[in-house]
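Visitor: Under UniProt numbering, the sequence shown is numbered contiguously, ending at residue 259.
Heads up, a few of these hints could be off.
[Claimed, not checked] Simulated restraints on C-beta separations:
hint	residue 1	residue 2	range
1	R105	E185	20 to 30 Å
2	R192	A237	20 to 30 Å
3	R109	W256	29 to 39 Å
4	E139	E77	38 to 48 Å
5	G74	A43	20 to 30 Å
6	V149	P97	25 to 35 Å
I should point out that these hints are in silico values taken from the structure, not numbers from a laboratory. The C-beta atom is built at its ideal place from N, Cα and C for all residues, glycine as well.
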Amino acid sequence: MDLGLLEEFRFDWELAGKAARTVDDYITSLRLLFAESPDLDLAAAKGWVASTSYASVRRKRAQAIRAFGRWGEGTGEVVFPWWKEVPLVGEEQRPQPTATEADYRAARRKASTVRDSAIIELLWSCGLRRGELVRLDVEDVNLSDGLLVVRQSKTGRPRVVPLSPWARRAVRRQIAGRESGSLLEMTSNAIRLLLQRVGVPSAHAWRRGWAVEALRNGVSEASVRSAAGWSSGAMVARYTRALSGELAVSEFHEAWGNR
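Let the hints inform the model, and build the full structure from the sequences given.
Guide: Take a look at the structure:
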């Protein structure tokens with residue numbers, strides 16, 4: 001196997017706007033596979049996938065093989081002609097911590113500074129990752145149009161995120177007439193400690209809560225995906241499935257109430 005193909009795989013993956021971290025993980029797995037099985041065939045690939053007792057690792061290994069094989073098929077490089085026969089291991093979806101409106105209201109009450117209030121409103125209004133919050137500059141905020149620009153994201157692509165009226169007011173107070181510089185002037189760890197201090201879930205739990213709340217309030221899946229910066233609809237679909245029962249009951253009650 002020409003290992004130089006792995007770098008071509010990386011370039012094409014990133015040019016397609018997909019997450020760099022994902023392809024880094026895939027390439028790390030593939031290098032391990034090639035090191036352990038120089039004469040690679042379907043049986044060896046399946047054996048390597050199955051050689052760990054952790055279902056999550058088996059799934060990631062299979063995903064790496066299938067992604068590289070699919071890429072090779074699309075570019076004319078026959079790398080894994082049998083890639084479709086490598087099964088994806090089922091992975092149990094465990095409930096993940098998700099911030100709720102009660103968390104939001106509690107955090108607002110406990111926010112002791114203008115900056116704390118701005119962070120809470122940005123988390124609930126925008127669903128930003130913690131690192132994205134840290135990297136926000138004053139120049140990234142457009143208060144007139146009620147939006148901000150995330151210039152550095154996990155996928156490497158900038159995106160536009162709307163600001164709620166409450167977030168807009170909090171951010172205006174935080175900017176306090178400044179024209180440039182860091183918006184929050186905080187480290188990622190400082191934000192983590194702030195959330196711990198006010199007794200609410202992690203920033204990523206707020207991101208999930210933001211997505212759930214947006215879908216619950218009728219925001220389209222396409223808009224949630226765009227504002228979140230997700231490269232595929234898989235994450236939105238997960239939240240939609242989780243909410244489907246609740247939304248169905250709500251819609252039926254609304255229909256009956258209109259009679």
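Visitor: Against each hint, give a clear statement of whether it holds in the structure.
Guide: Now the hints, each set against the structure:
About 26 Å separates the C-beta atoms of R105 and E185, a value consistent with the hinted range of 20 to 30 Å. For R192 and A237, the hinted distance range of 20 to 30 Å is satisfied, since their beta carbons lie about 29 Å from each other. Restraint check, R109 to W256: a C-beta distance of roughly 36 Å satisfies the suggested window 29 to 39 Å. For E139 and E77, the hinted distance range of 38 to 48 Å is satisfied, since their beta carbons lie about 43 Å from each other.
Take G74 and A43: their Cβ atoms lie about 25 Å apart, and the range 20 to 30 Å holds. One distance hint, 25 to 35 Å for the beta-carbon pair V149 and P97, holds here, with the actual separation near 28 Å.
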